[in-house]
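There are 4 protein chains.
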Amino acid sequence: MTFPAPLTGVVPPVCTPLTPDREVDVPSLLRLVDHLVDGGVHGLFLLGSTSEAAFLTDRQRRLVVEAVTGHIGGQLPVLAGAIDMTTPRVLEHVTAVTAAGAEAVVVTAPFYTRTHRSEIVHHYRRIAAASPVPVIAYDIPMAVHTKLPADLVLGLAADGVLAGLKDSSGDLGAFREVVTGARAHPGFSVLTGSELIVDASLALGADGCVPGLGNVDPHGYVRLYRLCRAGDRAGARAEQERLCALFGMVRAGDPARMGGGSSALGAFKAALHLRGIIDCPVTAEPQVPLSGEETEKVGKFLAAAGLL
Amino acid sequence: MTFPAPLTGVVPPVCTPLTPDREVDVPSLLRLVDHLVDGGVHGLFLLGSTSEAAFLTDRQRRLVVEAVTGHIGGQLPVLAGAIDMTTPRVLEHVTAVTAAGAEAVVVTAPFYTRTHRSEIVHHYRRIAAASPVPVIAYDIPMAVHTKLPADLVLGLAADGVLAGLKDSSGDLGAFREVVTGARAHPGFSVLTGSELIVDASLALGADGCVPGLGNVDPHGYVRLYRLCRAGDRAGARAEQERLCALFGMVRAGDPARMGGGSSALGAFKAALHLRGIIDCPVTAEPQVPLSGEETEKVGKFLAAAGLL
Amino acid sequence: MTFPAPLTGVVPPVCTPLTPDREVDVPSLLRLVDHLVDGGVHGLFLLGSTSEAAFLTDRQRRLVVEAVTGHIGGQLPVLAGAIDMTTPRVLEHVTAVTAAGAEAVVVTAPFYTRTHRSEIVHHYRRIAAASPVPVIAYDIPMAVHTKLPADLVLGLAADGVLAGLKDSSGDLGAFREVVTGARAHPGFSVLTGSELIVDASLALGADGCVPGLGNVDPHGYVRLYRLCRAGDRAGARAEQERLCALFGMVRAGDPARMGGGSSALGAFKAALHLRGIIDCPVTAEPQVPLSGEETEKVGKFLAAAGLL
Amino acid sequence: MTFPAPLTGVVPPVCTPLTPDREVDVPSLLRLVDHLVDGGVHGLFLLGSTSEAAFLTDRQRRLVVEAVTGHIGGQLPVLAGAIDMTTPRVLEHVTAVTAAGAEAVVVTAPFYTRTHRSEIVHHYRRIAAASPVPVIAYDIPMAVHTKLPADLVLGLAADGVLAGLKDSSGDLGAFREVVTGARAHPGFSVLTGSELIVDASLALGADGCVPGLGNVDPHGYVRLYRLCRAGDRAGARAEQERLCALFGMVRAGDPARMGGGSSALGAFKAALHLRGIIDCPVTAEPQVPLSGEETEKVGKFLAAAGLL
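Protein chains in written order, with the UniProt record's numbering: chain A, 1 to 308; chain B, 1 to 308; chain C, 1 to 308; chain D, 1 to 308.
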């Protein structure tokens, strides 16, 4: 299967279900993949931030990619994150995830180190030169503390270094600059990672979306995507607003007890557990688990969205 | 050898010399270690930020620790960083570096993920429970975007979770709070990572220092340490000021062309190369190398400090 | 005239033309106001960030409001910023600008001081209690280093404290939360300050926009607003993209020589000068002026947009 | 009286006592000044951050300076902050506070606006050109979100633009660079604003200190200064550690209810009230007041330090 250029549609960042002792729960993972396929998604993004890639060991990362690519058997494009601090470490992940079957890799700017525009450019050039599959830039300043400038992304698109952008910056103005600039580079994929503005992103020309909440309600995001593509703006807005309300679950966890990541990832997994898709809602360490009461809140969001 | 409690003296974060094709240059690394031992240092910290740990692959990290512990043969305590994003990944590094001979591990707060005080506490508890060797907290907000609060560190010291603190925050007021609080926990090591205020840190009660510039001039830092311990404040201040002037080399690189890390690590390695200690001044990717002119600037700093 | 609830349409933050010796150039200011009225705008926002309010003395601020309200004679709603660090200082500005004729005040979170959610709430409550006119919250984290949370804004809307929100955060997801939540509070105005996503903001339910670039091309923004309201999404998108291209002028200034504010405000004023609307393109101190070459770049953006 | 060059010793940033209805309480202010003079301080810094300058109206600021300079009658040098966003507004404050008797002005980098190194330089040049009294740079990145680079400060010292630096950055390494560089500019004053490291700052060559906690215990800071100057390092360290323990009062306020500023300034004023120096511990709006229980905590800190 040739990797789509551009990649379009709904490409959820697949959660990584864990067992109570925090091993990858492969049966639950494959049930989750089936649930996404059943929802009509257009691709799968493994080992992203929502997948808790930052928490998975190298062995676990490999296991996730092998299990999913083996299961999916080429039905859908499978992307995998190669999330690490710098070029040499990212290159190791690129080798590992492509050996395990990933058809594209998703790579952030360097982090932990102080980085510079010229270093980011060199980073992507080196990775693209070595990667056997297309490289998609992952713009996630909340995690890496650097925003990828639109002109940097477009320059690397023009040179054939980058095959696409996954934008989790929340900055729609800058995203638009990439979307409009990328028209000069047919095949370049521009994807939003912002669950709350998929309709707006598609309206201004994005190719698709990578919604973490799409794990919980893939059917909803696929419906939203189709409404947008059909030009039904009122229908799209209503569906998007339903999903925005559902997204409220990410605040189920008490901010006095846990960080925003623990709350959001905990809520997604609690929802998947409550919906009967995964066996265990546990998140990786050192994240704080949701309490029983907080899990009940998640259930109320599901019920209100008609998902329980 | 029992790991010293507290660890005192000069414990440089050892640079990792690379070959032109960016493999670990073991002969240069061992010459550098001999240079440090000759300088009289009291311990070696491998795989820290100055060691470019963020750029080294797992294999390279292991090689560094094995090479140095094998070479040093227990003459000096050897600490190793276990730098990664979250608990499960750090635990893998802890296993690897201790198997390779490290006698203590140095661990930052989680990064990439949004983290919370309770998660940092849990992170250190889990790591200490699993580690066969003492765990030293590494406070480096510039890299991980979280400052370890003094009371958190002291609480973990009281519980026997942490054996020490390596402070690279630059915040001497907060450092002092740990230093004075740690008097209640004999054996807890409080080390400053700030090259420019070693005299001040020792004067207020720190146990030692972890100066990146100590690679270039270990004799100077050891002299400084001895002057401080001998109570010769005027002599200590003069030596510290000489080292501060030498530290100016970290700005040799043009900030229009490279980040601060490229400039600083490039300067340290250029200095080691100019001094004949390592074969090649190359830094890991995607860092930008110093130009010939910038390397000449480094040489002038060495000459002014009487090191060339 | 009763202040509209909600305020809708295009409400440009009016630039403050200065003389070469940096006094308010009232004739130019009134020509600019006429230009905006001719463009069909629906209100005027004086003393915002684009107006260089942070640079104007109290006397100059008063002069701006008096001159414009006197000139406009109630044809259009006139809002004025009351930009200062804390409650007591903001209250003084509220008194001054309302005495000078402003019909609503626009107020940021406290800045310079470390602030807390409860302090922000108290700040707005105190100001609303004292203000003779409606209070609109100004969310501009780039300037004040605090983001107004959506639930805080909606809570103050529910209590009748805030009459609206001017959002310059660039975070459309959070903005949407206010827009949808505000449906429960008829009359509450939700306005975007992001020039590049006015179509998207209106599509998801915003009442209007406050575009700095609207000084340069008010006709364009009014056309965009009308196309959005008429449901002509293709036409709106095309007009928005034309304006996005024009917005490129904000990068005319060399970032090695000046900050982003100097470049953007300098470009807007250069454009107004090139279009013959204001006499002098000078910006307030300590901003760096555009060079001749940089001004030529601005001219090219105008020409490309058909404005010269 | 000629302003001292350099200014040395203990120069507390004088708190501004308020009445219950938040007017300047002049009798309490003058009692506080007498308390400071009695403590042996070497100068007075009015309208700094600890003085709640950010909360005082222009009228209140003027009143503070007039009251204190009238009362002090030239016994001690009186500095005043001219805290505002940009050059033109700062210039107005410079005029006002010098007319009211201030003998030096203390000025931060621009804030609220995005600023650039060249703009900061121009800002200080313009202010120094217009000021009838010496200009001291106020480095307070926590408030203005810009750190004054050491070489910028030294360059302006060399040109006679700046007469000194008040450093509240907490970064002792950078401070040291100014201290050592300033030896080439006799008369330039280098003052630390960090209460917790006065001994360390003086040891490396600072001229004096500007401790907010000096309001509460001026005798302690004067004693500390004298011990440092006398070369009694052990005595100095003991006194400094006593003051560090006392400084713990700044955390009396519950961080769930208030910001760090409310807690710290509330604690200083509560302490002054408990010590009988000021009539009312109220802080300016929108700060959150300490509760009775929190005030009791402050009392315990005073008692432990032998001040009650």
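Please note that the accuracy of each hint is not assured.
Just so you know, same-sequence chains aren't split out, so a pair can sit in one copy or run between any two.
[Stated by the list, open to error] 25 Å max Cα-Cα, derived SDA-like pairs, lysine to any residue:
no. : residue 1 : residue 2
1   : K147      : G173
2   : K297      : A245
3   : K297      : R229
4   : K297      : L152
5   : K147      : L308
6   : K147      : R114
7   : K297      : V282
8   : K300      : G155
9   : K300      : H273
10  : K297      : G155
11  : K300      : G187
12  : K297      : I277
13  : K147      : Q60
14  : K300      : V161
15  : K297      : G260
16  : K297      : G73
17  : K147      : V24
18  : K297      : D232
19  : K300      : P149
20  : K147      : V26
21  : K147      : L76
22  : K147      : T295
23  : K297      : E66
24  : K300      : H71
Derived from the structure by calculation, the hints contain no laboratory data.
Hint-by-hint comparison with the structure:
1. For the homomeric pair K147 and G173, the shortest alpha-carbon distances inside one copy (13 Å) and between copies (18 Å) are both at most 25 Å.
2. With identical chains, the CA atoms of K297 and A245 are at most 25 Å apart within one copy only, with a shortest distance of 13 Å there and 43 Å across copies.
3. For the identical chains of this complex, K297 and R229 are neighbours neither inside a copy (33 Å) nor across copies (38 Å), given an alpha-carbon limit of 25 Å.
4. Taking CA atoms no more than 25 Å apart as the test, K297 paired with L152 passes between copies only; the shortest distance there is 21 Å, against 42 Å inside one copy.
5. When the C-alpha separation of K147 and L308 is checked against a cutoff of 25 Å, the pair qualifies neither within a copy, at 38 Å, nor between copies, at 34 Å.
6. Proximity of K147 to R114 under the C-alpha cut-off of 25 Å is found in both arrangements, the shortest distances being 13 Å within a copy and 16 Å between copies.
7. Only within a single protomer do K297 and V282 lie at most 25 Å apart by alpha-carbon distance; the minimum there is 16 Å, versus 41 Å between protomers.
8. Proximity of K300 to G155 under the C-alpha cut-off of 25 Å is restricted to the inter-copy arrangement: shortest distance 22 Å between copies versus 46 Å within a copy.
9. Proximity of K300 to H273 under the C-alpha cut-off of 25 Å is restricted to the intra-copy arrangement: shortest distance 14 Å within a copy versus 50 Å between copies.
10. Taking identical chains as interchangeable, the C-alpha atoms of K297 and G155 lie at most 25 Å apart only when they sit on different chains, with a minimum of 21 Å there against 45 Å within one chain.
11. Taking CA atoms no more than 25 Å apart as the test, K300 paired with G187 passes in neither setting, with 41 Å inside one copy and 30 Å between copies.
12. Taking the shortest alpha-carbon separations for K297 and I277, only the intra-copy value of 18 Å comes in at or below 25 Å, while the best inter-copy value is 52 Å.
13. Taking identical chains as interchangeable, the C-alpha atoms of K147 and Q60 are never at most 25 Å apart, the minima being 29 Å within one chain and 30 Å between chains.
14. With identical chains, the CA atoms of K300 and V161 are never at most 25 Å apart, being 45 Å at best within one copy and 30 Å at best between copies.
15. Taking identical chains as interchangeable, the C-alpha atoms of K297 and G260 lie at most 25 Å apart only when both belong to the same chain, with a minimum of 16 Å there against 32 Å between chains.
16. Taking CA atoms no more than 25 Å apart as the test, K297 paired with G73 passes in neither setting, with 37 Å inside one copy and 53 Å between copies.
17. For a Cα distance limit of 25 Å, the shortest separation of K147 from V24 qualifies neither inside one copy, at 31 Å, nor across copies, at 31 Å.
18. For a Cα distance limit of 25 Å, the shortest separation of K297 from D232 qualifies neither inside one copy, at 32 Å, nor across copies, at 40 Å.
19. For the identical chains of this complex, K300 and P149 are inter-copy neighbours only, at 23 Å across copies versus 39 Å inside a copy, given an alpha-carbon limit of 25 Å.
20. Taking the closest pair of Cα atoms, K147 and V26 never come within 25 Å of each other, the shortest separation being 34 Å inside a single copy and 37 Å across copies.
21. For a Cα distance limit of 25 Å, the shortest separation of K147 from L76 qualifies neither inside one copy, at 30 Å, nor across copies, at 39 Å.
22. In the homo-oligomer, the alpha carbons of K147 and T295 never lie at most 25 Å apart, since the shortest distance is 34 Å inside one protomer and 28 Å across protomers.
23. Taking the shortest Cα distances, K297 and E66 never come within 25 Å of each other, neither inside one copy (34 Å) nor across copies (51 Å).
24. Taking identical chains as interchangeable, the C-alpha atoms of K300 and H71 are never at most 25 Å apart, the minima being 32 Å within one chain and 55 Å between chains.
Violated hints for the displayed structure, listed by number in ascending order: 3, 5, 11, 13, 14, 16, 17, 18, 20, 21, 22, 23 and 24.
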